Amino acid sequence: MSVASVTVSRREILKPKMVKIYVMGREYLVPEGLTIHKALEYAGFRLIRGVGCRGGFCGACATLYRKPGEYKLRIALACQNVVEDGMYLVVLPYTPIPRVKYKLESLKPDVGLVLKLYPEIARCVACNTCTKACPQGLQVMDAIQAIKRGDLAKAADLTFDCIACGICSMRCPAEIRHANIFHLVRRIYGKYMSPKPRHLEDRIKEIEQGKYREELEKLKQASVDELKKLYASRVIEPEE
Amino acid sequence: MINVKMLYYPGCSVKRNALEYEKKTLEILSKIGIEVYELDNWYCCGAFYSLAKDDLMKHIGGLRTLIKAQVQARKHGTNKLLTLCPMCYNVLKRVNHMLRENPENLDTLALFMDEEEKYTIGIEVLHLLEVLRDNIDKLKRLVVTEVKDVVVAPYYGCTVLRPREIAFDNAENPEVMDNILRALKIEVIEFPFKTECCGAYQSVFNRKIVFEKSGEILEEAAVRGANIITVICPLCKYNLETTLLSLGKKLRIEIVYLTDLLSRATGP
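Protein chains in written order, with our numbering: chain E, 10 to 249; chain Y, 9 to 276.
Hints are supplied without guarantee of correctness; some may be wrong.
Unchecked claim - Derived DSS-like pairs (lysine-lysine); straight-line CA-CA distance at most 25 angstroms: (1) Lys88/Y <-> Lys23/Y; (2) Lys117/E <-> Lys88/Y; (3) Lys13/Y <-> Lys76/Y; (4) Lys205/E <-> Lys112/E; (5) Lys141/E <-> Lys126/Y; (6) Lys126/Y <-> Lys81/E; (7) Lys216/Y <-> Lys163/E; (8) Lys66/Y <-> Lys125/E; (9) Lys66/Y <-> Lys81/E; (10) Lys88/Y <-> Lys200/E; (11) Lys125/E <-> Lys31/Y; (12) Lys141/E <-> Lys13/Y; (13) Lys76/Y <-> Lys163/E; (14) Lys88/Y <-> Lys156/Y; (15) Lys141/E <-> Lys76/Y; (16) Lys125/E <-> Lys216/Y; (17) Lys125/E <-> Lys76/E; (18) Lys163/E <-> Lys146/Y.
These are computed hints drawn from the structure, not numbers from a lab. Because the structure is a prediction, the values reported are computed rather than measured.
Construct the entire structure; sequences and hints are all you get.
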């Protein structure tokens, strides 16, 4: 083999390795290493639904996929996970989990209340499908079970990182509306159970007593240039 | 005293509505040398044992708890799993029994529960009454005060005695609780309604049925001169008590957990 015959063009070297993905059943060739969102854009999709912060926080890009030769239904966030060869996927535009209306101020913080607003939690059979479906790696079933036995503080703690993507609710055989239930539990915990922060109460009192009124008035009168100058010279974390 | 170790599955009702039952029970058990380890992660047993033969999904809660017990059995060196609530006892013991009799069901469930280790059917599910029965001599030695002016109608409910393959006493005329009380020199009446249904979950759907069923039990106990009905089940207690309240002050009967009465005899 002569040296000349293995000459590869620069373009050839920079050419990314491509992988085959199937979006809603149709095949696309996309560069390896892209997130699912970027791969979709590469393939020509304009993202309107199933997209949000693109930082892994908002839970808008719940994605279901299977890999070749596997029966397992896997889950991902389209903004956080990269494409794999042979992936069969769909990004869910929306998960229908309407919220039950309640007034937080007039709720009584006990487990009977959660059961009353969301009676389906009594249907949990402890199958753990929800936990397996959580892109945040939360112990979803443990949280539901904690609510069932009245430990709302534990449930609030276990679900602190829930981004409400809704995948667990789509997979749950008991049709539990997890994200909303967890939201309710955290609100109950925050309002009725967690210790009250003193500094917050003090600050609210200060505001009510008008401590900052004068300063705010001054800002309202200030010109754009003055505001810009103030903004640039602001102290973010004043050292005591 | 040689201590016996046991794992403990409290169940949702005990943790929600019957904390006093749990407290008194654990106190007594510790006095008779039983070390109890609550499972650090447990799940609702399902409350009802599903009777449909192919409805394996409903047994997952029970099996998951048995697997948790299996993991912690290795840590604590005991395969005994104690329950206080008769419904938990019923479900867990029946699931255990069903898996032993039908190993193919266990295989099917294990395939689905691929995140857990496989269950080897080594856990023995026990109810409090069995444990007290087997330690009756130790209990007798604990008695410090004679419980006076008390006439007890022991009430068993249904789920610790049925069906036969999980029962530890005669379903028609059980005597475990009678014998425990008598051993502590507490007066017990002959009570033919000791296994009558209290109305169970009809408290959710149709309270009239509960009032009717529990009312019969209460009246029969009163007619026979009892002033206390001992129970072992949070739901029985709830039903008997709400019925008692609905009757006003007609009957002078107190509904207490068995271990509550025992602790009156064995002192603080």
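Structure-based check of all given hints:
1. Lys88/Y <-> Lys23/Y: Given that 25 angstroms is the threshold and the Cα spacing comes to 20 angstroms, the pair holds.
2. Lys117/E <-> Lys88/Y: violated (39 angstroms)
3. Lys13/Y <-> Lys76/Y: At roughly 16 angstroms apart (the allowed maximum being 25 angstroms), Lys76/Y and Lys13/Y satisfy the hint.
4. Lys205/E <-> Lys112/E: holds (20 angstroms)
5. Lys141/E <-> Lys126/Y: Given pair Lys141/E, Lys126/Y holds - Cα atoms ~18 angstroms apart, limit 25 angstroms.
6. Lys126/Y <-> Lys81/E: Roughly 20 angstroms separates the two Cα atoms, so the pair holds.
7. Lys216/Y <-> Lys163/E: Not OK: Lys216/Y and Lys163/E at ~37 angstroms, beyond 25 angstroms, violated.
8. Lys66/Y <-> Lys125/E: holds (22 angstroms)
9. Lys66/Y <-> Lys81/E: holds (22 angstroms)
10. Lys88/Y <-> Lys200/E: violated (41 angstroms)
11. Lys125/E <-> Lys31/Y: Measuring from Cα to Cα gives roughly 28 angstroms; hence the hint is violated.
12. Lys141/E <-> Lys13/Y: Not OK: Lys141/E and Lys13/Y at ~34 angstroms, beyond 25 angstroms, violated.
13. Lys76/Y <-> Lys163/E: Holds, at roughly 19 angstroms.
14. Lys88/Y <-> Lys156/Y: Between Lys88/Y and Lys156/Y the Cα gap is close to 35 angstroms, so the pair fails against 25 angstroms, i.e. violated.
15. Lys141/E <-> Lys76/Y: holds (18 angstroms)
16. Lys125/E <-> Lys216/Y: holds (22 angstroms)
17. Lys125/E <-> Lys76/E: Not OK: Lys125/E and Lys76/E at ~40 angstroms, beyond 25 angstroms, violated.
18. Lys163/E <-> Lys146/Y: violated (38 angstroms)
Hint violations for this structure: numbers 2, 7, 10, 11, 12, 14, 17, 18, all remaining hints satisfied.
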